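Engineer: The primary structure of each chain is shown beneath.
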Amino acid sequence: AQRVTQPEKLLSVFKGAPVELKCNYSYSGSPELFWYVQYSRQRLQLLLRHISRESIKGFTADLNKGETSFHLKKPFAQEEDSAMYYCALNRDDKIIFGKGTRLHILP
Amino acid sequence: GAVVSQHPSRVICKSGTSVKIECRSLDFQATTMFWYRQFPKQSLMLMATSNEGSKATYEQGVEKDKFLINHASLTLSTLTVTSAHPEDSSFYICSVRRAGTSLTDTQYFGPGTRLTVL
Chain A
1 AQRVTQPEKL
11 LSVFKGAPVE
21 LKCNYSYSGS
31 PELFWYVQYS
41 RQRLQLLLRH
51 ISRESIKGFT
61 ADLNKGETSF
71 HLKKPFAQEE
81 DSAMYYCALN
91 RDDKIIFGKG
101 TRLHILP
Chain B
1001 GAVVSQHPSR
1011 VICKSGTSVK
1021 IECRSLDFQA
1031 TTMFWYRQFP
1041 KQSLMLMATS
1051 NEGSKATYEQ
1061 GVEKDKFLIN
1071 HASLTLSTLT
1081 VTSAHPEDSS
1091 FYICSVRRAG
1101 TSLTDTQYFG
1111 PGTRLTVL
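Here the protein sequences come in this chain order: A and B. With the numbering used here as the guide, the letters of the first sequence map in order to residues 1 to 107. With the numbering used here as the guide, the letters of the second sequence map in order to residues 1001 to 1118.
What the hints contain is simulated information worked out from the structure, not anything from laboratory work. What you are looking at is a predicted structure, and each value in this text was computed from that prediction instead of being measured. Treat the hints with caution; some may be incorrect.
Here are the computed distance ranges between Cβ atoms for each label pair [stated by the list, open to error]:
#: 1; chain 1: B; residue 1: K1041; chain 2: A; residue 2: R53; range: 27 to 33 Å
#: 2; chain 1: B; residue 1: T1057; chain 2: A; residue 2: Q42; range: 27 to 33 Å
#: 3; chain 1: A; residue 1: I51; chain 2: B; residue 2: T1057; range: 23 to 29 Å
Residues from chain A that keep clear of chain B, each with C-beta distances beyond 10 Å, as calculated [said to hold, decoys possible]:
#: 4; residue: G16
#: 5; residue: N24
#: 6; residue: G29
#: 7; residue: L47
#: 8; residue: K65
#: 9; residue: E67
#: 10; residue: T68
#: 11; residue: S69
#: 12; residue: H71
#: 13; residue: A83
#: 14; residue: F97
#: 15; residue: G100
On the chain A side, residues computed to face chain B include the following (Cβ under 8 Å) [stated by the list, open to error]:
#: 16; residue: V13
#: 17; residue: Y39
#: 18; residue: R43
#: 19; residue: L44
#: 20; residue: Q45
#: 21; residue: L46
#: 22; residue: K94
#: 23; residue: K99
Ideal Cβ positions, reconstructed from N, Cα and C, are used throughout, including at glycine.
Model the full assembly from the supplied sequences, consistent with the hints where possible.
Structural biologist: Printed below as a string of structure tokens:
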């Protein structure tokens, strides 16, 4: 089955520490992967996608086909990074989400 | 600014009644809209794909007679939860795909509608 797996429900990180949110995928072919973020009381929004190889708000994610992973990373966590993060993939032109990881930045 | 709106943002209804949720694309025409459902502290589950001028495509396990979708125009899709029961209580989110472009370029999400069935 084509899916993404986020093994961590909750990740607590101290401010200034590095962040890594894990995402593994199962997909036959070349996947299109995304990270979405949902801040408190706000709608879901696209953070980044692997085809753009971009860095948004200091976050990056590299597609590792050998490990079938697309982990989200940031070198120095900020308090405003506290949010719900969803890894997602494009399956037949539909966005399918992982279960999400809540990132809690500790002061 | 917001490009997708949903109405109502919150609705409470009695068991057995039907509830209609609207999703509007504000800035552009959308040939395709998506409806998701989100249970508390869980992920978004794709329910169906709404196509303007044709029948919606439902994901496996989603009852099409229970969740009626109408994409009457290029800016409006409606989801009607028929004969609602308490287990239908959830957060319903729509997503809009911009007409004429690839999915990866334009995927906007609505703010969601909280449905509570008593």
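Engineer: Each hint should be assessed against the structure and marked as holding or not.
Structural biologist: For each hint, the structure was consulted:
1. B:K1041 / A:R53: 27 to 33 Å: holds (32 Å)
2. B:T1057 / A:Q42: 27 to 33 Å: holds (29 Å)
3. A:I51 / B:T1057: 23 to 29 Å: Between A:I51 and B:T1057, where Cβ atoms are some 25 Å apart, the hint holds.
4. G16: Non-interface label on A:G16 holds, nearest chain B Cβ at 28 Å vs cutoff 10 Å.
5. N24: Holds, because the least Cβ-Cβ distance between A:N24 and chain B comes to about 15 Å, which exceeds 10 Å.
6. G29: holds (15 Å)
7. L47: Per Cβ check, A:L47 is outside 10 Å of chain B; nearest 12 Å; holds.
8. K65: Non-interface label on A:K65 holds, nearest chain B Cβ at 18 Å vs cutoff 10 Å.
9. E67: holds (22 Å)
10. T68: holds (19 Å)
11. S69: holds (18 Å)
12. H71: holds (18 Å)
13. A83: holds (14 Å)
14. F97: Its Cβ does come within 10 Å of chain B, the nearest being 5 Å, so this is violated.
15. G100: Nearest chain B Cβ is 5 Å from A:G100, so the label is violated.
16. V13: Violated, about 20 Å.
17. Y39: Cβ of A:Y39 sits 12 Å from chain B, so the hint is violated.
18. R43: Hint on A:R43: holds, closest Cβ of chain B at ~5 Å, below 8 Å.
19. L44: Holds - the Cβ of A:L44 comes within 8 Å of chain B, reaching about 4 Å at its closest.
20. Q45: holds (7 Å)
21. L46: Constraint on A:L46 satisfied, holds at 6 Å.
22. K94: Holds - the Cβ of A:K94 comes within 8 Å of chain B, reaching about 6 Å at its closest.
23. K99: holds (4 Å)
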